[in-house]
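Undergrad: These are the residues of each chain, in order.
2 protein chains.
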Amino acid sequence: MADKANESVVLSTRVRLARNLKDLPFPNMQSADQAQQVIDRTALALSRSDMKNDFALTYLRANSESENIALIEDHLISPDLVKASQRAAVFINKEKTISIMVGEEDDIRIQAIMNGRSLNEALDLANKADDSIAENETYAFHDTLGYLTACPSNTGTGMRASLMLHLPALTVTHQIEQIGRAVSRLGLTIRGFYGEGSQASGSIYQLSNQVTLGFSENDIVKMLNDTADQIIEREMKARYSIYNSNKTKFGDKLMRSFGMLKYAMSIDSKELYKFWSDLRLAISLGIQTEITNETADKLLSLQPAELSRLAGKAMTPEERDIYRAQCVKNILNEQLP
Amino acid sequence: MADKANESVVLSTRVRLARNLKDLPFPNMQSADQAQQVIDRTALALSRSDMKNDFALTYLRANSESENIALIEDHLISPDLVKASQRAAVFINKEKTISIMVGEEDDIRIQAIMNGRSLNEALDLANKADDSIAENETYAFHDTLGYLTACPSNTGTGMRASLMLHLPALTVTHQIEQIGRAVSRLGLTIRGFYGEGSQASGSIYQLSNQVTLGFSENDIVKMLNDTADQIIEREMKARYSIYNSNKTKFGDKLMRSFGMLKYAMSIDSKELYKFWSDLRLAISLGIQTEITNETADKLLSLQPAELSRLAGKAMTPEERDIYRAQCVKNILNEQLP
Numbered sequence: 032m033a034d035k036a037n038e039s040v041v042l043s044t045r046v047r048l049a050r051n052l053k054d055l056p057f058p059n060m061q062s063a064d065q066a067q068q069v070i071d072r073t074a075l076a077l078s079r080s081d082m083k084n085d086f087a088l089t090y091l092r093a094n095s096e097s098e099n100i101a102l103i104e105d106h107l108i109s110p111d112l113v114k115a116s117q118r119a120a121v122f123i124n125k126e127k128t129i130s131i132m133v134g135e136e137d138d139i140r141i142q143a144i145m146n147g148r149s150l151n152e153a154l155d156l157a158n159k160a161d162d163s164i165a166e167n168e169t170y171a172f173h174d175t176l177g178y179l180t181a182c183p184s185n186t187g188t189g190m191r192a193s194l195m196l197h198l199p200a201l202t203v204t205h206q207i208e209q210i211g212r213a214v215s216r217l218g219l220t221i222r223g224f225y226g227e228g229s230q231a232s233g234s235i236y237q238l239s240n241q242v243t244l245g246f247s248e249n250d251i252v253k254m255l256n257d258t259a260d261q262i263i264e265r266e267m268k269a270r271y272s273i274y275n276s277n278k279t280k281f282g283d284k285l286m287r288s289f290g291m292l293k294y295a296m297s298i299d300s301k302e303l304y305k306f307w308s309d310l311r312l313a314i315s316l317g318i319q320t321e322i323t324n325e326t327a328d329k330l331l332s333l334q335p336a337e338l339s340r341l342a343g344k345a346m347t348p349e350e351r352d353i354y355r356a357q358c359v360k361n362i363l364n365e366q367l368p
Numbered sequence: 032m033a034d035k036a037n038e039s040v041v042l043s044t045r046v047r048l049a050r051n052l053k054d055l056p057f058p059n060m061q062s063a064d065q066a067q068q069v070i071d072r073t074a075l076a077l078s079r080s081d082m083k084n085d086f087a088l089t090y091l092r093a094n095s096e097s098e099n100i101a102l103i104e105d106h107l108i109s110p111d112l113v114k115a116s117q118r119a120a121v122f123i124n125k126e127k128t129i130s131i132m133v134g135e136e137d138d139i140r141i142q143a144i145m146n147g148r149s150l151n152e153a154l155d156l157a158n159k160a161d162d163s164i165a166e167n168e169t170y171a172f173h174d175t176l177g178y179l180t181a182c183p184s185n186t187g188t189g190m191r192a193s194l195m196l197h198l199p200a201l202t203v204t205h206q207i208e209q210i211g212r213a214v215s216r217l218g219l220t221i222r223g224f225y226g227e228g229s230q231a232s233g234s235i236y237q238l239s240n241q242v243t244l245g246f247s248e249n250d251i252v253k254m255l256n257d258t259a260d261q262i263i264e265r266e267m268k269a270r271y272s273i274y275n276s277n278k279t280k281f282g283d284k285l286m287r288s289f290g291m292l293k294y295a296m297s298i299d300s301k302e303l304y305k306f307w308s309d310l311r312l313a314i315s316l317g318i319q320t321e322i323t324n325e326t327a328d329k330l331l332s333l334q335p336a337e338l339s340r341l342a343g344k345a346m347t348p349e350e351r352d353i354y355r356a357q358c359v360k361n362i363l364n365e366q367l368p
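Protein sequence lines correspond, in order, to chains A and B.
Residue numbers for the first sequence follow our numbering, beginning at 32 and rising by one.
Residue numbers for the second sequence follow our numbering, beginning at 32 and rising by one.
Keep in mind that a hint or two might mislead.
Result set (DSS-like, lysine-lysine): computed pairs, CA atoms no more than 30 Å apart in a straight line [as the list claims (entries may be wrong)]:
hint : chain 1 : residue 1 : chain 2 : residue 2
1    : A       : 278       : B       : 301
2    : A       : 127       : A       : 278
3    : B       : 360       : A       : 284
4    : B       : 284       : A       : 305
5    : B       : 159       : A       : 284
6    : A       : 344       : B       : 280
7    : B       : 329       : A       : 280
8    : B       : 360       : A       : 305
9    : B       : 280       : B       : 159
10   : B       : 278       : A       : 284
11   : A       : 35        : A       : 344
12   : B       : 344       : A       : 360
13   : B       : 35        : B       : 53
14   : A       : 280       : B       : 284
15   : B       : 35        : B       : 83
16   : B       : 253       : B       : 280
17   : B       : 83        : A       : 280
18   : B       : 280       : A       : 280
19   : A       : 278       : B       : 35
20   : B       : 301       : A       : 344
Since the hints were made in silico from the structure, they are not lab data.
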């Protein structure tokens, strides 16, 4: 699979490991003291490891609501962690490539996030954090079943690995539904990453493993990689097929979206996804050469809480859309807002 | 009336004088020889005048069809003159500010065209050409009625003076219909300049006198100027009223059209008028400061025959829309195509 196709389709990679400490109930049955104990024991374990200087500990209850939402927008924590915010905490490294949530569904959820297609690297990174804790703590582990988790669907490796894929051509040609059925037979799942229901905002999908039991981490990563190869190939074929059927009409549509990004004075988040998706497509087809994928992807950060943080104030939805349009212009001019 | 408002609303001025030579039937009753006689006598009269070096004579039958259509697009000749192309000719000065059509409905139709609001100057210019012919020829003239014309509606001064007005706010608020009724009571008329029926493409209207008999040229010009003052004032009030009711929403709409002009890869003529109209509005409201009215108005020249001339070849409608989008970009970059 060519690098170009990977860059055109794969936005980012995530690997998440679910772990629980031995001799404690799962979080939903823990007392407040026990919940605090998990945080303290995780902090202590990390402090005794090679990664002792890597992480900053944040108690969610010490954050404002919008600070926590911004962490969700950055995918550093889950909405479920915020629901447990009175007891929950998160360790995040400086590069924001690793977050360790404490007090979600499981005691510990280690997550590694990397740009582009980097399943092996993300797994290595998650494993490194996992090992740092495991050296100094004891996980709930069963010789046959593997890592024990609050929900049986995570038991075994406790791993969920995923690739964020931009699939506009498979979406518009409705091939995505058929692909969804095909990957489910492999123990994988593909679903819209932003937006609700089956309507994937920006045509961004998350391809991940459903099955955690009976396969090694490396088996799962290989399965994901092989499946991603096929999806990427079909997406690229579909892109060129649409483009070649009417270059002017399709190119015109994509460049008009770029004109909107450059000149609109108000952009709501739904539009932002659409324009971003068209920009990404235009880059991949060589229609747009001014903007890089990296710059384009910065646009996806312009979500409500992040915009409030950048503006340094709360905003009405209308003010936010105006501010978003300004930030879009700044990013496209290669200046971070 | 402030200059700014005039520049924002008045695009151009035209004055047309209808004249017929004495002792000849009107064109629709002329033999081919008589039609040629009118051309020869007009040429001779001009050659004996101070303007003898100003004009180039073009026989329409010597032009290609697209060359004649380009002259129509430039408003230098009328579609009716092209219908009579086997017998008709036109004298055009270098600056393209005066055209003298020979063999239209009347023997001679002198037309002066100027940018912006210049009724008196355009009348002076038309009069100068008129005098140049009259010094050396005898017009059909009646002491009581004035200049005699093929159609009685032009008899008297033979003059039709008009202002091209950009009235987007009066269009969208439907005040234009009421204004149409009001001006008709003054012997004036206002109608869409481009496009068919009442739907004025680009919200461009022509305000002109209907009545040619019983008023002097100067009376008519004064009436037009006074009426234009009121229309311009109402248009500017309506613009600010719409803009101030929701600056972001309206500004966003206008700037999105600008984004289309800058980035669309295909633009049809209907869209061009719309985007041009929004650009003009954005300039008048101070939202757009990058582009001048003068540059914006060059976009209006991008009509089918002119595009073929620029491209140096015939084009399909699809090719033309692509080429138009390229020419738009060139004009906006202040480079003539």
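Undergrad: So, for every hint listed, does it hold in this structure?
TA: Do the hints match the structure? See the list:
1. 278(A) with 301(B): 22 Å, holds
2. 127(A) with 278(A): Answer violated: residue 127(A) to residue 278(A) is near 40 Å, above 30 Å.
3. 360(B) with 284(A): 16 Å, holds
4. 284(B) with 305(A): 18 Å, holds
5. 159(B) with 284(A): The hint is violated at about 52 Å.
6. 344(A) with 280(B): 22 Å, holds
7. 329(B) with 280(A): At roughly 25 Å apart (the allowed maximum being 30 Å), residue 280(A) and residue 329(B) satisfy the hint.
8. 360(B) with 305(A): 24 Å, holds
9. 280(B) with 159(B): Between residue 280(B) and residue 159(B) the Cα gap is close to 49 Å, so the pair fails against 30 Å, i.e. violated.
10. 278(B) with 284(A): 27 Å, holds
11. 35(A) with 344(A): 40 Å, violated
12. 344(B) with 360(A): Not OK: residue 344(B) and residue 360(A) at ~39 Å, beyond 30 Å, violated.
13. 35(B) with 53(B): It is violated: about 45 Å lies between the C-alpha atoms, which goes past 30 Å.
14. 280(A) with 284(B): 22 Å, holds
15. 35(B) with 83(B): 37 Å, violated
16. 253(B) with 280(B): Outside the cut-off at roughly 39 Å; violated.
17. 83(B) with 280(A): Violated, at about 52 Å.
18. 280(B) with 280(A): 28 Å, holds
19. 278(A) with 35(B): Violated - the C-alpha atoms of residue 35(B) and residue 278(A) are around 43 Å apart, more than 30 Å.
20. 301(B) with 344(A): 43 Å, violated
The structure fails to meet hints 2, 5, 9, 11, 12, 13, 15, 16, 17, 19, 20 from the earlier list, while all remaining hints are met.
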